[in-house]
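With these hints in hand, go ahead and build the complete structure from the sequences.
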Amino acid sequence: MSDSRRLAGVVLLLALSAGVAGSGTAIAQKTYQAPAANTAGAGIEVVELPSASSPLVSIRLQFRAGSIDDPAGKEGLASLTAAMVSDAGTQKRSYTDLVEALYPMAASIDGRTDREVTLIAGTVHRDKLADYTALLEEAILRPGFAQADFDRNKEQLLARLTNSLRSNDEALGLELIQDEIYQGHPYGHSPVGTVEGLKSITLADVKAFYKQHYTQSRLMLGVAGGYPKDYVARLKQDLGPLPQGEKESKRLPPPPAVTGRNITLVEKQTGSVGIHFGFPLPINRADADYYPLMVANSFLGEHRTMNGRLMQQLRGKRGLNYGDYSYIEYWASPPSTSNPSPNVPRRQQYFSVWIRPVVPVDAQFALRGGLYEVQRLRDQGMTKEDFELSRDFVVNYSKLWAQSLSRRLGFMMDSRYYGMPYYIDEIDKRLKNLTVEQVNAAIKKYIQTDNYRAVFVTANAQKLKETLEKDEPSPKTYNAQPEADVAEADKTIQALKVKPTSIRILPVDQVFQK
Amino acid sequence: MYTRISLLLCGLLMFAGVVTASIAATAATPAKAAAKAASGDIFPFQVAQTTLANGLKVIVIPYDSPGTLAYYLVVRTGSRDEVEPGHSGFAHFFEHMMFRGTDKYPADKYNDLLKKMGADSNASTADDATVFHIVGPSSELTTLMDMESDRFKGLKYSEDAFRTESLAVLGEYNKGVSNPVQPMFEKLRDLAFEKHTYKHTTIGFEADIKAMPGYYEYSRQFFKRFYRPENVVLLVVGDVKPPQVFDLAKQYYGDWTPGYQAPAIAPEPPQKERKKGHLDWPNPTHPYLLVGYHMPAFSTKAVDSAALDMIGDLLFSESAPLYQELVVNKQWVDLVQGGPNDNRDPGLFIVLARVKSDDLLPKVKETIDRYMQELATRPVDPKRLARNQSHERYAFALELDTPSKVAEQVADVISQTGDVQDINRRFAQFKKVTPADVQRLARATFRPQNETEVTLSHPAGAPEKPAQGGDKHE
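Residue numbers (the numbering used here), protein chains in the order written: chain A, 1 to 514; chain B, 515 to 988.
Treat the hints as calculated values from the structure; they're not laboratory data.
Treat the hints with care, since some could be wrong.
[What the hints assert, rightly or not] A few chain B positions that, by computed beta-carbon distances, are all more than 12 Å from chain A:
no., residue
1, 566
2, 569
3, 624
4, 630
5, 654
6, 685
7, 735
8, 868
9, 877
10, 887
11, 914
[What the hints assert, rightly or not] Covered stretches of chain A (in silico footprint by chain B; criterion: 3 or more residues with CB under 8 Å from a CB of chain B, positions within the stretch not fixed):
no., segment
12, 183 to 197
13, 204 to 213
14, 316 to 322
15, 382 to 396
[Claimed, not checked] Below, a list of computed lysine-lysine pairs in the DSSO-like style, where the Cα atoms sit at most 30 Å apart:
no., chain 1, residue 1, chain 2, residue 2
16, A, 429, B, 623
17, B, 945, A, 317
18, B, 870, B, 789
19, A, 491, B, 897
20, B, 919, A, 429
21, B, 789, B, 897
22, B, 786, B, 877
23, B, 667, A, 317
24, A, 317, B, 623
25, A, 499, A, 476
26, A, 199, B, 877
27, A, 128, B, 945
28, A, 128, B, 713
29, B, 724, A, 476
30, A, 199, B, 844
31, B, 897, A, 384
32, B, 879, A, 199
33, A, 207, B, 844
34, B, 724, B, 738
35, B, 630, A, 445
36, B, 724, A, 463
37, A, 317, B, 879
38, B, 844, B, 870
39, A, 476, B, 670
40, A, 432, B, 630
We put the CB at the ideal spot given by N, CA and C, even for glycine.
Structure (structure tokens):
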């Protein structure tokens with residue numbers, strides 16, 4: 001099935017009752033065209049995905065303004081600035097009035113900052129497009145920067161660090177492993193910021209950041225759905241008051257080298273132990289080697305499926321825990337979802353394994369089990385049969401990632417950011433030409449278990465530290481008779497040498513502190 | 515900006531925006547959709563439905579998604595049906611077991627087939643239903659019928675596999691306990707309900723989960739009691755034709771033997787006094803406030819469920835005066851959410867707030883009470899109701915842009931009432947809600963003796979091991 005056929009389906013015919021139905025003359029979009037570049041005009045890069053039959057319109061404004069742009073000591077400035085655009089009043093109306101105006105159309109202005117970009121986005125029924133656009137433009141062009149909004153948003157971000165992230169072991173580990181892998185690098189702090197960084201930010205800092213980064217040259221404007229023909233041109237024109245700005249992206253240094261086994265134990269009162277380990281990858285989806293590695297990763301640990309070997313071996317056969325996955329890109333979506341998020345492009349990526357919480361007695365075995373499977377993949381590679389099955393899966397499965405117009409638009413914008421053809425099509429094209437030899441070569445080239453950083457979220461960190469340092473065998477006990485191959489593999493797993501090169505204990509109240 | 519109730523926790527589906535109404539015919543073209551809109555129905559798609567001789571209901575919704583379909587099986591059994599003492603969490607556990615294979619399709623073969631298709635496959639369990647879903651190529655419909663009917667008719671697993679899977683469930687329990695909200699829900703339900711099985715959350719009590727490995731025989735009985743055609747709805751949304759789906763359903767599910775045994779679920783007696791509970795949290799956190807009020811079961815026969823949904827929005831949407839006062843103006847909380855938990859049996863209207871400091875907890879509660887009493891004593895401005903109705907209509911439209919989202923909406927209403935027509939009926943009720951209805955429902959619901967409150971805070975001293983809760987699990 002061609003991708004264009006899939007898209008046509010997404011462009012459904014949502015009709016609301018009470019006279020808000022889609023156009024009766026609209027024709028389902030059967031002839032999807034490749035993304036059209038349009039960089040003319042006000043200096044704003046535009047990505048369009050028109051669909052006359054869709055009653056919805058999605059607008060995504062992606063600014064090259066991420067946490068890599070946070071000044072030292074002001075970590076969180078990009079996020080706080082985004083919040084002052086998306087979750088605050090304008091010069092014309094208070095935040096209360098803004099949400100009041102948005103409410104009847106069930107629309108919102110959503111802001112999200114990642115390492116490299118900030119996304120301001122929303123979806124609205126086309127009946128309300130004009131009203132919504134006016135509000136969106138107001139928020140972006142004329143933010144109010146009221147002190148009360150500033151105080152509220154700063155407190156919200158602080159609470160996200162000190163309550164939401166520190167309280168949720170899984171979210172904590174997912175974020176902290178990145179800080180660990182990118183120590184000393186612009187990626188080395190959460191986009192939410194740090195507690196001390198946020199506290200030091202002033203309203204003047206936000207205004208200055210906005211002025212410097214919310215510019216035409218940093219903006220990629222994406223629009224998808226059933227909007228009028230001249231809508232994008234008008235929107236682009238309306239955004240003309242944004243300053244031109246500088247075109248250059250912030251240069252990124254190479255990711256820090258990881259040498260040996262470096263472990264951080266986050267000490268907190270918790271009943272189980274969550275584990276992540278990983279290391280930087282020198283490639284992203286714009287590189288040819290990304291695609292063979294994508295197949296290998298799917299085979300090893302496709303997120304939220306039973307396809308991955310990690311999941312099959314650790315959960316399925318051993319009942320070790322709830323889930324075990326691997327990644328070659330940052331996973332931005334909520335853990336419970338199965339599709340990756342668009343609009344979180346990063347020029348630098350990392351490999352990681354996520355072992356969801358295990359009972360404390362199994363913590364060392366779980367680390368060994370994860371490393372064992374990664375090393376087994378490196379040593380043995382994939383068979384032709386495994387390769388073909390995983391390749392076919394990724395080719396088909398990836399098409400589900402862009403079922404809605406809004407998500408498809410996001411992936412189109414990502415592709416533009418990376419300077420590559422449309423990602424989902426690229427997966428199809430490149431994977432169909434892959435060989436198992438190429439995949440196994442990519443595994444050998446990029447995947448290893450000698451040099452990594454790991455994060456454990458655990459109680460009794462000192463005890464776990466001692467256990468890891470002793471590096472003694474960690475036999476696994478079962479509540480049922482394990483299969484013969486499991487029992488055999490366990491002999492190797494339990495004795496794997498994982499003695500840390502470095503290990504430290506980090507009290508939870510110091511995580512994301514500075 | 516946040517929309518109302520996404521209750522950061524595990525799927526307490528408050529069902530905001532899931533308006534409803536009845537389903538007429540139409541939809542696979544814009545012209546038909548427009549015609550359907552004129553009929554007044556909120557749901558813009560054609561719904562074809564049949565019931566096999568064994569009781570299996572089959573619903574087909576053609577959807578313009580060339581090459582793709584969403585294949586859902588809604589088992590109308592959830593944690594609500596766990597009536598035997600010591601077996602809380604079993605419906606969810608059994609959902610896991612459904613992936614352990616059959617003679618014809620052992621687990622590895624089943625997984626490989628789905629993998630080959632590139633299908634997205636999973637399942638979830640909630641209070642009132644267990645939902646199995648696959649999103650994949652419509653060209654594989656016959657294979658899906660074969661695979662899915664096979665496991666629903668002939669699931670087979672060893673005791674060793676059963677015991678091993680119980681550990682994965684324990685792992686799922688463990689992953690949830692670090693979120694303070696989950697143990698709060700466990701406490702709230704345990705306090706609020708005396709008799710009804712909503713007393714426990716879907717994941718179940720920890721002690722019951724730990725005892726699961728010993729219940730292999732019980733699990734076989736569980737399958738025989740609940741996984742029967744009269745208790746299941748097959749729902750297919752996407753690039754399919756109803757007659758084809760009906761024929762295949764008859765071919766593959768027609769020989770599935772009926773025999774559903776409805777559990778005897780004790781009704782909940784009226785609550786007679788205000789209840790309170792508290793949890794100490796071992797790690798530093800802002801204090802939390804969670805309040806539950808008993809409310810009627812979800813129904814489209816009267817305006818009550820729709821009115822309660824509106825009350826949820828009138829109090830807790832971002833534009834609501836209460837939200838504005840607590841979050842935007844006074845900034846006493848960084849999070850406040852609330853709304854009805856629409857269940858098959860009478861459930862709870864929930865309020866959750868994360869408060870800036872311990873001393874503000876009573877003030878936040880007083881503020882919430884004040885706004886609730888205002889709704890109970892003063893008629894709401896009809897313009898606010900009109901805005902609410904507009905919001906619900908548009909919110910619903912935003913949730914129908916893929917086959918799986920449509921299927922989710924339908925699966926929700928099936929879990930509640932079993933009748934897809936209730937989608938449109940519900941929306942029709944929305945349009946009937948009057949200020950007097952809002953007052954009546956607010957008065958009936960927000961009474962002190964109908965209230966259960968749970969707080970959580972970090973004490974200066976001794977930590978204790980957190981308990982757990984949660985409402986929807988995968």
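Hints, verified against the model:
1. 566: Holds, because the least Cβ-Cβ distance between residue 566 of chain B and chain A comes to about 28 Å, which exceeds 12 Å.
2. 569: Given a closest Cβ separation of 30 Å, the condition holds.
3. 624: Nearest chain A Cβ is 9 Å from residue 624 of chain B, so the label is violated.
4. 630: It is violated; residue 630 of chain B is separated from chain A by about 6 Å at its closest Cβ, not greater than 12 Å.
5. 654: Residue 654 of chain B is in fact no farther than 12 Å from some Cβ atom of chain A, at 10 Å.
6. 685: The claim breaks: residue 685 of chain B does not keep its Cβ more than 12 Å from every Cβ of chain A (closest is about 4 Å).
7. 735: holds (20 Å)
8. 868: Not fine: 7 Å to the nearest Cβ puts residue 868 of chain B too close to chain A.
9. 877: The claim stands: residue 877 of chain B keeps its Cβ more than 12 Å from every Cβ of chain A (closest is about 17 Å).
10. 887: About 22 Å separates residue 887 of chain B from the closest Cβ of chain A, which puts it past 12 Å; holds.
11. 914: violated (5 Å)
12. 183 to 197: The restraint on the segment 183 to 197 of chain A is violated, since only 0 of its residues have a Cβ under 8 Å from chain B and three are required.
13. 204 to 213: With 0 residues closer than 8 Å to chain B, the segment 204 to 213 of chain A misses the three-residue bar; violated.
14. 316 to 322: The restraint on the segment 316 to 322 of chain A holds, since 7 of its residues have a Cβ under 8 Å from chain B and three suffice.
15. 382 to 396: holds (count 7)
16. A:429 with B:623: Given pair residue 429 of chain A, residue 623 of chain B holds - Cα atoms ~27 Å apart, limit 30 Å.
17. B:945 with A:317: Distance ~53 Å between residue 945 of chain B and residue 317 of chain A Cα, so the pair is violated.
18. B:870 with B:789: holds (24 Å)
19. A:491 with B:897: Violated - the C-alpha atoms of residue 897 of chain B and residue 491 of chain A are around 71 Å apart, more than 30 Å.
20. B:919 with A:429: holds (28 Å)
21. B:789 with B:897: violated (36 Å)
22. B:786 with B:877: holds (25 Å)
23. B:667 with A:317: holds (24 Å)
24. A:317 with B:623: Holds - the C-alpha atoms of residue 623 of chain B and residue 317 of chain A are around 15 Å apart, at most 30 Å.
25. A:499 with A:476: Holds, at about 18 Å.
26. A:199 with B:877: holds (26 Å)
27. A:128 with B:945: holds (20 Å)
28. A:128 with B:713: violated (43 Å)
29. B:724 with A:476: Holds, at about 18 Å.
30. A:199 with B:844: Holds - the C-alpha atoms of residue 844 of chain B and residue 199 of chain A are around 19 Å apart, at most 30 Å.
31. B:897 with A:384: Outside the cut-off at roughly 65 Å; violated.
32. B:879 with A:199: holds (28 Å)
33. A:207 with B:844: holds (24 Å)
34. B:724 with B:738: Judged against 30 Å, a Cα distance of about 23 Å means the pair holds.
35. B:630 with A:445: With Cα atoms ~27 Å apart, residue 630 of chain B and residue 445 of chain A stay inside 30 Å; holds.
36. B:724 with A:463: holds (25 Å)
37. A:317 with B:879: With a Cα-Cα distance of about 48 Å, the restraint between residue 317 of chain A and residue 879 of chain B is violated, given a limit of 30 Å.
38. B:844 with B:870: Status holds; Cα separation ~11 Å.
39. A:476 with B:670: holds (27 Å)
40. A:432 with B:630: holds (14 Å)
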